[in-house]
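**Q** Take a look at the letters that make up each chain.
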Amino acid sequence: MSDVRRALIWFVALVAIVIAGDHVLAWVLHKVLMRSQFRYSRLYRGGNSADLIVLGDSRGVHSFYAPAIEEVTGLRAMNLSYNSMSPRIAEAILMDYVEHNRPPRMVVIEVTSSIVSGALASELQTYAGLSPRLAALYAEEHPVAAVAGRTFRLFPLNSGFFLEALHYMWQTDQDWIHRDAMPPALRTRPRNPWRLVPFADNVDALVRIVGLLHHRGIEVRLVIAPYGPSNVPVNVTAYAALITRRAQTPVWNYVGAVTDPDEFADQVHLNERGSRVFLRMLQRDGAFGMTSPPGSMTPFHSHPHGGSQ
Amino acid sequence: MLFNSLPFLAFLPIFMTFYWSTSGRARLWVMLVGSLVFYAWWDWRFLFLLLFSSLVDYSLGILLENEPEEAMRRRLIVISVAINLGLLGFFKYFNFFVQSTADVSTALGLHPTYNALKIVLPVGISFYVFKTMSYTIDVYRRTQKAERDLLRFTTFVVFFPELVAGPIVRASRLLPQLARDHPFSYERMVSGLTLVASGYVRKVAIADSIAPLVDIRFAHPEAHNAWSLLIGVYLYAFQIYCDFSGYSNIAIGLARILGFDFGINFDRPYFSRSFGEFWTRWHISLSSWLRDYLYISLGGNRGGTWRTYRNLMVTMLLGGLWHGASWTFVAWGGLHGLYLVTQRLIGPAYQRVIRALRVPSVVSNAFLMLLVFHLTCFGWVFFRAHSFSNAFDVLWGIAAIRGARLADVDNKWRILKCAVLIAVMLGFEATSFLRKGQRAPEFSPAWRLAFVAACAWVVLLFGTFSGNNFIYFQF
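Protein chains in written order, with my numbering: chain V, 1 to 309; chain H, 1001 to 1475.
Honestly, the hints are just simulated from the structure, not real lab data.
Please note that the accuracy of each hint is not assured.
[Stated by the list, open to error] Some chain V residues well away from chain H (every beta-carbon gap over 10 Å; in silico):
| # | residue |
| --- | --- |
| 1 | Ile17 |
| 2 | Ala68 |
| 3 | Gly74 |
| 4 | Ala200 |
| 5 | Asp204 |
| 6 | Thr249 |
[Said to hold, decoys possible] Pairwise CB distance ranges, derived in the manner of DEER restraints:
| # | chain 1 | residue 1 | chain 2 | residue 2 | range |
| --- | --- | --- | --- | --- | --- |
| 7 | V | Val12 | H | Ser1059 | 45 to 51 Å |
| 8 | H | Thr1022 | V | Thr151 | 28 to 34 Å |
| 9 | H | Ala1399 | V | Pro190 | 34 to 40 Å |
| 10 | V | Met281 | H | Ile1216 | 30 to 36 Å |
| 11 | H | Thr1022 | V | Arg5 | 19 to 25 Å |
| 12 | V | Arg35 | H | Glu1429 | 33 to 39 Å |
| 13 | H | Arg1180 | V | Arg5 | 23 to 29 Å |
| 14 | V | Val234 | H | Arg1405 | 34 to 40 Å |
| 15 | V | Pro229 | H | Phe1094 | 43 to 49 Å |
| 16 | H | Thr1022 | V | Ala200 | 51 to 57 Å |
| 17 | H | Ala1219 | V | Arg35 | 35 to 41 Å |
| 18 | H | Ile1216 | V | Val12 | 39 to 45 Å |
Each residue gets a CB set at the ideal place from its N, CA and C atoms; glycine is no exception.
Please work from the sequences and hints to get the whole structure.
**A** See the structure below:
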């Protein structure tokens, strides 16, 4: 047999083995993914019945410590926030949540996430096979990778989310929060004045989320969580006013409410202690109070691209 | 064009098709044009520099061979070295020297005014300048015949697998291979693809996964605790190793598929028991170049102990500077020079102590490997840091170990992923290392099939596809 023919046979065998192994390995790993206690595995597995859902970026993660919300309010809470999660992605996540689970009574949104671009979309490829909305967002940001993800089934599992899912295989991820206080170097590091500059499509998504929640009779709280003492954005009042005007819903602005550096992990994120302080403030101010009784909600209708209805 | 980019995935099959469907000079033309396209994908304007460098050394090579008079030959080699180093000096070091002179003047109380030029560093210039310079030096030394075929010589200079980041394949190895056709070989294709696959795993799955973990630690060392910084330094040791050895494996594998033998560029360097051994295992094509054209030219180990030490230091300092226009690279080279000198100073005494205490060789070797690895990591801090203050921030952060908890390290799962991949790679390396002098087994095509498929799954599951540059591109 000629060298060329042998090489061709070897190459065809290689392609066949790569594809077959890709499918088998991906099937096994997907089973593992869906058994995890990671928030999005729980979301797409279904069967959750949280009263209160939190959406936001890393500030949503570390400001709204779910166990503390449950202690303070008595409501079952589930934090679906994630680092760099913009309202556009939050919209898809929320729609998917209510499709797969019992709709919540209240949704809390940390609205400074509107300054986040769609970076998290690359992570969401892991669950894109379970959500046409996430698949559409992912394809929009990464068209070539989206094709690769449809061709090779291992590829969507190539993400930090999959590693997180392994980490939270046998433990809840709702316990995820910073516990350390801000290092001395970060307390004293000078920072230039900075502004919150929202992305227009994020604000649009926020408006759609709020409209949808109002329409369904689900309480919605738009909140600005505290920033570090020397890191308050200069335009936060105007920013809150913009979101309030666009969403036709008041923003609960707590930007400077926590001033003790020991209650922050850095100049952007509260730590567990700070989160507890902040949550008690929200409870004191009535932010978690329901204005409509449970049971008045109407069911969601699915919409493949997460747009407004 | 990057090996880990979509354009390269399109370029390669087109190139291969033309390559295998031609022979003789037509094939040389295919190699030349393909290599120029590969280079021009980055910036076509620098093709002129590349071709100028080729033409100069082609001409000087012939003049050197034809010239009988020694004084004239010396003048010609000085011209060749001056032009090559002049190109390198201008494009790579001009602003560095201007800035350094200004800093020294300022320190002396003078207040110089100067203007830095906006100079773009041509990709691969450090590699192709060293390649062409070694050619003319070899012709001058009469250990290499001058190449009289301009097409073949230019192809030797620009051959794409090793053009932009090495290995530095010398004329004595590559020119004879370019003088004959290489028929397609099944064995070469399979073994070449195996190397290419391992290179992609090293680059895309290991080095690029490590990169962001290292970047955040060196960008803000003050925000990380001692464990986190220490892990960052260890990770960088493997990032740079996997990045560069990955590139080398891809380059050597591609060349093997095309029928060429580039030799090896990395030989399990982190298993070295001495720094002398380390430099025979790390970036072999550069370290052997520095030995043959710098260290030996300075006198090597002829002329007594202190001259040997001086030559080692000079070679390593200049080797450090070759990596980049920054004093941190010089410091890195200087550290390795010190390591080599110290090893020569205390090595014999150490051996006597080991023999007197009857320490088992396995224990002694393990100790030496760990010592060499950790001192290498110490050097990498200066190599990676963007300034001395940045390097010292990292080192002080590690030294101030009080209160640091391993549990507080961020990105533990990403670190664990990288650690597992590194462990598997080192496991493969250890297996062959422990075989010692024995001949490596011939892997069957079926074994290679399984290996390449496994590499593909690892890349799909763990690869980073952000199109990261190879670290050595900047050099």
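**Q** Now tell me if each hint is right for this structure.
**A** Results for each hint:
no., hint, verdict
1, Ile17, "5 Å, violated"
2, Ala68, "20 Å, holds"
3, Gly74, "31 Å, holds"
4, Ala200, "26 Å, holds"
5, Asp204, "28 Å, holds"
6, Thr249, "35 Å, holds"
7, V:Val12 / H:Ser1059: 45 to 51 Å, "49 Å, holds"
8, H:Thr1022 / V:Thr151: 28 to 34 Å, "32 Å, holds"
9, H:Ala1399 / V:Pro190: 34 to 40 Å, "26 Å, violated"
10, V:Met281 / H:Ile1216: 30 to 36 Å, "32 Å, holds"
11, H:Thr1022 / V:Arg5: 19 to 25 Å, "21 Å, holds"
12, V:Arg35 / H:Glu1429: 33 to 39 Å, "35 Å, holds"
13, H:Arg1180 / V:Arg5: 23 to 29 Å, "24 Å, holds"
14, V:Val234 / H:Arg1405: 34 to 40 Å, "36 Å, holds"
15, V:Pro229 / H:Phe1094: 43 to 49 Å, "46 Å, holds"
16, H:Thr1022 / V:Ala200: 51 to 57 Å, "55 Å, holds"
17, H:Ala1219 / V:Arg35: 35 to 41 Å, "37 Å, holds"
18, H:Ile1216 / V:Val12: 39 to 45 Å, "43 Å, holds"
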